Amino acid sequence: MGRYLLRRLLIAVPSLIGISIVLFAVLALAPGDPFGELASNPNVPPEVAAGLRAKFGLDDPIALRYVRWLSAMLHGNWGFSFVSRIDVDTLIWRRLPATLLVIGSSQVLALLIALPVGVYSAVRRYSIFDQIANLLAFIGFSLPTFFTGLLFILLFSIYLDWLPFVFRTDLGATGWHWYWEEFKQAVMPVAVLALLQAASWTRYVRSSVLEVIRLDYVTTARAKGLPERMVVVKHVVRNALIPVVTLVALQMPALFGGAIVTEQIFRIPGIGSLLISSILANDTPVIMAVTFVFACLVILFNLVADILYGWLDPRIAYR
Amino acid sequence: MTERELGKLIASVKAGRMSRRAFVCKMVGFGLTAPFATQILAHAGIAQTAPQTDYKPAKAGGGGALKLLFWQAPTLLNPHFAVGTKDAEGCRIFYEPLAAWDPEGNLVPVLAAEIPDIENGGVAADGMSVIWKLKKGVEWHDGRPFTADDVVFNWEYASDPATAATTIGDYRDATVEKIDPLSVRVRFEKPTPFWADAFVGTAGMIIPKHLFEAYKGANSRDAPANLKPVGTGPYRFVEFSPGDLVRGERNPSYHVADRPFFDTIEMKGGGDAVSAARAVIQTGEYDYAWNMQVEDEILVRLENAPNAKGRTQIVQSRGIEHIQINNADPWTEVDGERSSVKTKHPLFSDPAVRQALALLVDRAVVQTHIYGRTGVTTGNFLNNPDRFTSKNTKWELNIDKANGLLEEAGWKRGPDGIRAKDGKKLKLVFQTSINAPRQKTQAIVKQACQKAGIDLELKSVIASVYFSSDVANPDTARKFYTDIQMYTVGTPSIPDPERFMQQFVSWEIASKDNKWQGANPTRWRNEEYDKIFRAAQGELDPVKRAMLFIKMNDMVVEDGVVIPVVNRRWVAAVSNKLKATLSGWDNDFWDLRHWYRET
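Going down the list, the sequences are from chains A and B.
Here my numbering = 1-based position in the first sequence + 927.
Here my numbering = 1-based position in the second sequence + 70.
Among the hints, a few may not be true.
[As the list claims (entries may be wrong)] Facing chain A, according to a computed beta carbon distance under 8 Å, are these residues of chain B, among others:
1. T145
2. G154
3. N176
4. V178
5. P294
6. N296
7. L315
8. E319
9. S323
10. S345
11. A349
12. T353
[What the hints assert, rightly or not] Below 30 Å or equal to it, Euclidean Cα-Cα: the simulated DSS-like pairs (lysine-lysine) are:
13. K279(B) - K412(B)
14. K982(A) - K286(B)
15. K1111(A) - K647(B)
16. K510(B) - K471(B)
17. K582(B) - K982(A)
18. K982(A) - K647(B)
19. K412(B) - K982(A)
20. K1111(A) - K585(B)
21. K982(A) - K279(B)
Calculated from the structure, these hints are not laboratory results.
Predicted model, so just to flag it, every value in this text is computed and none were measured.
All residues carry an ideal CB built from backbone N, CA and C; glycine is no exception.
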């Protein structure tokens, strides 16, 4: 086990370096520069933008800039944003809470919907419930979040005027009132994301339960005279959930990555909106750091998923 | 009227025999505009009447929360690092300049005790220096007094290249010295008629010396006050989350009595312009939304809804959407660059072609169908404030006249309907950035050109490339590797047009030598223009100076260097109850201290 872990981690190093090279090269080759807005302002002489470029090392060759970035990164220095001149790690830390809150609760909500609905429709296969659940699931994952988001805003904020559509990190309220306000502003983005996720997970839980429910040991359990409830909960679901657990683990990086579009629509100050605004401003250090963190998370959670799978399913061995 | 008579009139105003109003009326009678007449008086040392503010609240505070929505969030709060107007607006909540620009392009004192002029001895008669007297009793938010040392420090800070300030261009050509604790002198290297650059408006916000002194130069980025501003403004700092939120609270010791009205201020960023307009006009969740780059049709619909809670506020600005004509040949490479100044454009060297093209831009349709209230047709390149707007130009859409001009100049229609002369066909490539209104405008121009036998090939470039200073990319606006191109210049802008009109002088021609950083992409060179521009740079009489700029405008328009299309307006969405004066010459928050909500 220990050797397996070590080997996996060692393999991760070259892939991370490869990823960072690709990211850096793409960003460096992409058009635009962070001081474009200065360049098109007639009140600012062009030398000002040129001077800033030179000072921040943007005119150096790509290879040199990459090596500089990599060595700084290895020393734990993430660099600073060209646009705000704030350290990148500070920026990311500030954005984490909102992302974790919204995306995290949407994942929990999605699981709370997907598990019971998936299991129940598998057990009552082809029943009316199953048919309706399937239909809703298909609708759910074929509607993109930017569309459902706008629909929700139009319906709940503009026509009904029930919910605010601008997410605020500083609610001017305390105590229970604060929780209520927080709930009101988070419910739309959370619902948008949860519906999409729940739809696909429902289908997944359903099919994985269906696979298990046909197995001989389930028939044995029933033959022993166990009540159906017990059979499903203790014998079927437990085994059926092994692949679901790995799937959820693999989804974790997305949790940090946030739902970029949803964050933008609802103005949630999360990592996703940080990434978008940095891309629009050509703020290379921030884009680099955020995407690199995602890459690390993907690799890490792949590893976690593999280990979890082996732990849950003793038939899997590490070699 | 002769100069003598004018002098007599001014003298009688000075002596109090004639009221300012009567003088202005008389001048208007002679065909001058009112702001222009006011400026004549100001130059003669007759102070402007204090702007009449109909400020209602009787005491400071009690206004609750002021909620502002920006679809681009401020990313930093040091005015000397501000990259875009969004950053400057965020800073303006806490920091103030010595003077601000009002909607008519006049100076209003903020941290200055008065606006310097020749009469009060502020502006030197030779234009070599200006003395700013500072307001007494102004305190920083931490209780320290605001003095001349702070003002001098701002100059030192910004003009140091190691600080990497974006305002360096406004400070480096001057030297600033302290005269006494409440006055400073700004010295210039040469006579400078436009002295209100440093310490004024967006670039003029003053940061405190005692907090930034240790962070001048290379370690400017490390200053804690970069993120926790301590200014002199009407609101003091509470919280800042870059790219998301700025919060402030009322400054109880603000230097203007009974101001400001609101107890707290909140500036939320992110999202998009249309939903920001909705949040102010439709749902009333916010009091103000910045820079409404939204189709006017949508704004009108929102405003005209029966229960609209807000409205748009539109102010004049200099922004001009215009078509540029390339004077160099974009299709021949000379010494590794196209559009080289060493070449002449094969088609535009014939003035008839340039004149015909100017007749083929249907500005009225562009205004009514595309820009609405946010872009007004104009025949001038230099628009606003009124004293700089030429009355000599006119524009028309006249396809017959264009046809006649081309016919007369020997451009004959070929079998494909496209005109040609000496084997050169009238085929042009028209480039602009990707932006729906621009593509629509391109189509309108193309249609008219077709009727006149000119074939336009439309090209659109993604904005991040088109407006970048990327030396390696052939599609930037400064490289201008096509025959004609269209975009907006002049937003944001300061009232003085010197830097604005610099984009036609010959020494600013964009070329390989200056890495295409030159401000003149049209490659137009005209000795007379250069001469007039140089004269304006040193002309101390504001009236004569304005005339020179008007002359420059007339030259570039009449010579067909540019075809002005519409004069853009600055648009914000404001709640129906909020009273706010916006200015197209300064930040939207230039007058934040006077904002209040009606009950």
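We went through each hint and held it up to the structure:
1. T145: 4 Å, holds
2. G154: 5 Å, holds
3. N176: Not OK, violated: N176(B) not within 8 Å of chain A, min 18 Å.
4. V178: 19 Å, violated
5. P294: Given a least distance of 12 Å, the restraint on P294(B) is violated.
6. N296: 7 Å, holds
7. L315: 6 Å, holds
8. E319: 12 Å, violated
9. S323: Violated, because the Cβ-Cβ distance from S323(B) to chain A comes to roughly 24 Å (cut-off 8 Å).
10. S345: 7 Å, holds
11. A349: Since the shortest Cβ distance to chain A is 6 Å, the answer is holds.
12. T353: 6 Å, holds
13. K279(B) - K412(B): The given pair, whose Cα atoms are some 50 Å apart, is violated under the 30 Å limit.
14. K982(A) - K286(B): 15 Å, holds
15. K1111(A) - K647(B): At roughly 26 Å apart (the allowed maximum being 30 Å), K647(B) and K1111(A) satisfy the hint.
16. K510(B) - K471(B): Holds, because 24 Å separates the two Cα atoms, which is no more than 30 Å.
17. K582(B) - K982(A): The hint holds at about 22 Å.
18. K982(A) - K647(B): 46 Å, violated
19. K412(B) - K982(A): 33 Å, violated
20. K1111(A) - K585(B): 53 Å, violated
21. K982(A) - K279(B): 24 Å, holds
Checked against the numbered hints listed earlier, the structure breaks hints 3, 4, 5, 8, 9, 13, 18, 19, 20; every other hint is satisfied.
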